[in-house]
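Participant: Taking numbering that gives the first Met the number 0 as reference, the numbering of the sequence shown is continuous, increasing by one, and the terminal residue is 181.
For the record, the hints were derived by calculation from the structure and aren't laboratory data.
The C-beta atom is built at its ideal place from N, Cα and C for all residues, glycine as well.
Where hints are given, some of them may not hold.
Unchecked claim - Using C-beta positions, here's what the derived DEER-type ranges look like:
(1) E150 x F12: 53 to 59 Å
(2) V23 x D71: 53 to 59 Å
(3) E150 x V19: 15 to 21 Å
(4) G102 x V23: 42 to 48 Å
(5) L74 x P153: 21 to 27 Å
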Amino acid sequence: MMIIPALIYGFMFTKQHFPVTERVANGISTGEMYKSLANPLFIFMIICMFGTAITELFTGQWIDVLLRNVTDNALLVLTVSTGVMVIGRAFAGPIVEKLAPQGVLLMSSILATLGLYLLGNTSGNMIFAGALVFGAGVCYFWPTMLGFVAEYLPKTGAVGLNLMGGRYVRSIYLYDVYGRGL
Numbered sequence: 000m001m002i003i004p005a006l007i008y009g010f011m012f013t014k015q016h017f018p019v020t021e022r023v024a025n026g027i028s029t030g031e032m033y034k035s036l037a038n039p040l041f042i043f044m045i046i047c048m049f050g051t052a053i054t055e056l057f058t059g060q061w062i063d064v065l066l067r068n069v070t071d072n073a074l075l076v077l078t079v080s081t082g083v084m085v086i087g088r089a090f091a092g093p094i095v096e097k098l099a100p101q102g103v104l105l106m107s108s109i110l111a112t113l114g115l116y117l118l119g120n121t122s123g124n125m126i127f128a129g130a131l132v133f134g135a136g137v138c139y140f141w142p143t144m145l146g147f148v149a150e151y152l153p154k155t156g157a158v159g160l161n162l163m164g165g166r167y168v169r170s171i172y173l174y175d176v177y178g179r180g181l
């Protein structure tokens, strides 16, 4: 049943004209794009992406297990932090313009650290305060890391953005397999 719509969409897309990428429009060759992936700033951002991803995704993925002994409402805590992320991302434009990506990443790191501390060292309703602070901290990690690479390392093109996004998901796998000794 699914192959029929897939074939129809595939046929429809063969008739479409797609614009060139920003890299091609700026005259950056494929070789230059791959060379720019060795830029020390790009490598540093890839390494930082592992930390931001584990902070956001791992904590959200395991919040029920992590807070089971502290509160009966662990999923409500996840809902609060995720709600803050949704609202924060909706109003990200003015914040990024005011602080620049580097400032947003610094602020996010500080708030995420404080939120994790509060989640780990409080009980009762203060857990929700920790969830609010943590959600405010991690809500800008993913989009700001990608935006930083797009803005400050444009020669990396779509491959650079792909590698950054892939590191985000890959970090959870690496932590699950090697961090917990599975």
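Participant: Hint by hint, say whether it matches the structure.
Facilitator: We went through each hint and held it up to the structure:
Separated by about 30 Å at the C-beta atoms, E150 and F12 break the suggested range of 53 to 59 Å. For the hinted restraint 53 to 59 Å between V23 and D71, the CB-CB distance of approximately 55 Å keeps it satisfied. The supplied range of 15 to 21 Å is met by E150 and V19, whose beta-carbon atoms lie about 20 Å from each other. In this structure the supplied range 42 to 48 Å is violated for G102 paired with V23, their Cβ-Cβ distance being about 31 Å.
Separated by about 41 Å at the C-beta atoms, L74 and P153 break the suggested range of 21 to 27 Å.
Checked against the numbered hints given earlier, this structure breaks hints 1, 4, 5; the rest are met.
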